[in-house]
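Colleague: Each chain is listed here by its residues.
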Amino acid sequence: MQHIWIVLGVLFVLLNIAAGLIWLERRMLAMWQDRLGPNRAGPLGILIVLADTLKLFFKEDWIPPFADKWVFITAPAIVVASVLMSFVIIPFSPSIIVSDLNVGILFFLAMSSLGVYSIVLGGWASNNKYSLLGALRGASQMIAYEVFMGLSLMGIVMLTGSFKLSDIVNAQKDVWFVFKQPVALVIFFIAGVAETHRLPFDIPEAESELIAGFHSEYSGMKFGMFFIGEYLGVTLISAMTATMFFGGWLGPAFLPPWAWFFIKTFAFILFFILLRASLPRPRYDQLMETGWKVLLPLVLLNLMVTGAIALWIRG
Amino acid sequence: MSALTILLDANVNSSANYFQIGIQLLVAIGIVIVMMVASHLLGPKRSTSEKLENFASGIESHGNARAPMAIKYFLVAILFVLFDVEVIFFYPYAVNFKELGWTGFWEVLLFVAFFLVGFIYIIKKKALQWED
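Protein chains in written order, with this note's numbering: chain F, 9 to 323; chain X, 1155 to 1286.
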């Protein structure tokens, strides 16, 4: 019974975070760009979340006649469901975790890579040339960065000897892994931004050239679900970064463990928004070449150096 | 041999762990279905001639997207399959890293060398070059 409450609690909190991020991102972007942002509905404009949600629910559920109907409907469902499933293995605190699998990291990689289907299917089913271009770009970007996203976490697995996330958090009691694996942190975070196709790597959307990329033809709540999926993805990558590199729920005892976890996650969410506020979008070929030719060799080098040093210290 | 015993010793997940994943899957799919059905029932239904065309931000729409596309995307996808399978070989090594010691390390270094040979080959073949 307790498990069911944890599942419901986790999903409730996640959906609220995703909705709240819509407001937070607009406010923070406005602050960093010296604008006001949403400030009419409620204190500091926070009720804009409610207004946006209601508006999306009451919009027409339009499926274009030229689209492939069922694929068109499935694509936004995949993105939300797969990201929600990824949160299964995130330890919010020692006791709040849906399922502490011993294949935790593999489960995370498997679920987060399902997101590429929503982009490809959505862009293809829309039967719009802009959508198709966005989908193709998105797919090759995501699969290219997926190759070394998993590999960048393997240094930590080598030091811990486990895929289980609670083991990894406990292994950071003395030193956080960010000090042992700084290169892996940078590569994981870059791959994470590319996987969630957030700015500056929002090449599948690229408003200035592709309208809205793979979701040009979507409207109403289906469009809203791509949005929720994106914000959940941001939360997921932030939570994983906090767990893997910054000690997860570990922290001084004056705050409960879950509070430490949320503070760390929140810091990375803010960093995601700061990236959006400050960096221009690279060209598609620059993104792909950096991924394959720089980051992939670098992550292999990181792995081998980690292995050599760990074995050398042990003697 | 040693790797095999490690695999056999590893504690196996009990079905209880997957029970919660099942619940999460059911609830997640439930949320998705409720959202979609609710918006389908709540929204208006109006069809106009503009809506029947592809959306192209005001410029004239160029119709059907079932057209040939650049081969480069397929090439990247195929390279992904190759490289991802090679990369997956690192995962069991990483988790058994301590038990395998220096012997395992040299063996993986050899594997990385083979990996790099293939990698240099595709770069020389200009498979990862977007500008001619």
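Calculated from the structure, these hints are not laboratory results.
Incorrect hints may have been included.
As the list claims (entries may be wrong) - DSS-like cross-link-like pairs, simulated, lysine-lysine; straight-line CA separation at most 27 Å: (1) K1199(X) / K301(F); (2) K1252(X) / K77(F); (3) K63(F) / K188(F); (4) K63(F) / K77(F); (5) K1226(X) / K1278(X); (6) K137(F) / K188(F); (7) K1199(X) / K181(F); (8) K137(F) / K67(F); (9) K67(F) / K77(F); (10) K1279(X) / K301(F); (11) K1278(X) / K137(F); (12) K188(F) / K1252(X).
Small disclaimer: the values here were computed from a predicted structure and weren't measured.
Colleague: Can you confirm whether the C-alpha distance between K63(F) and K188(F) stays at or below 27 Å?
Modeller: 47 Å, violated
Colleague: Taken at face value, is the distance from the CA of K67(F) to the CA of K137(F) at most 27 Å?
Modeller: Satisfied, since the Cα-Cα distance of roughly 24 Å is no more than 27 Å.
Colleague: Holds or violated: K1279(X) with K301(F), Cα cutoff 27 Å?
Modeller: Distance of about 14 Å is within 27 Å: holds.
Colleague: Given the proposed pairing of K63(F) with K77(F), does the C-alpha separation stay at or below 27 Å?
Modeller: 23 Å, holds
Colleague: Check whether the Cα positions of K188(F) and K1252(X) lie no farther apart than 27 Å.
Modeller: 17 Å, holds
Colleague: Are the Cα positions of K137(F) and K188(F) separated by 27 Å at most?
Modeller: Violated, at about 46 Å.
Colleague: Can you confirm whether the C-alpha distance between K1252(X) and K77(F) stays at or below 27 Å?
Modeller: Roughly 52 Å between the alpha carbons, so the hint for K1252(X) and K77(F) is violated.
Colleague: So if I understand the rule, the pair passes when the alpha-carbon distance is 27 Å or less; does K1226(X) with K1278(X) pass?
Modeller: Within the cut-off at roughly 16 Å; holds.
Colleague: Does the alpha-carbon distance linking K67(F) and K77(F) stay inside the 27 Å limit?
Modeller: Holds - the C-alpha atoms of K77(F) and K67(F) are around 18 Å apart, at most 27 Å.
Colleague: Holds or violated: are the alpha carbons of K1199(X) and K301(F) at most 27 Å from each other?
Modeller: Status violated; Cα separation ~50 Å.
Colleague: Does the alpha-carbon distance linking K1199(X) and K181(F) stay inside the 27 Å limit?
Modeller: 57 Å, violated
Colleague: Could you grab the alpha-carbon distance between K1278(X) and K137(F) and see if it respects the 27 Å cut-off?
Modeller: 32 Å, violated
Going down the numbered hints, you'll see the structure goes against 1, 2, 3, 6, 7, 11, while the others check out.
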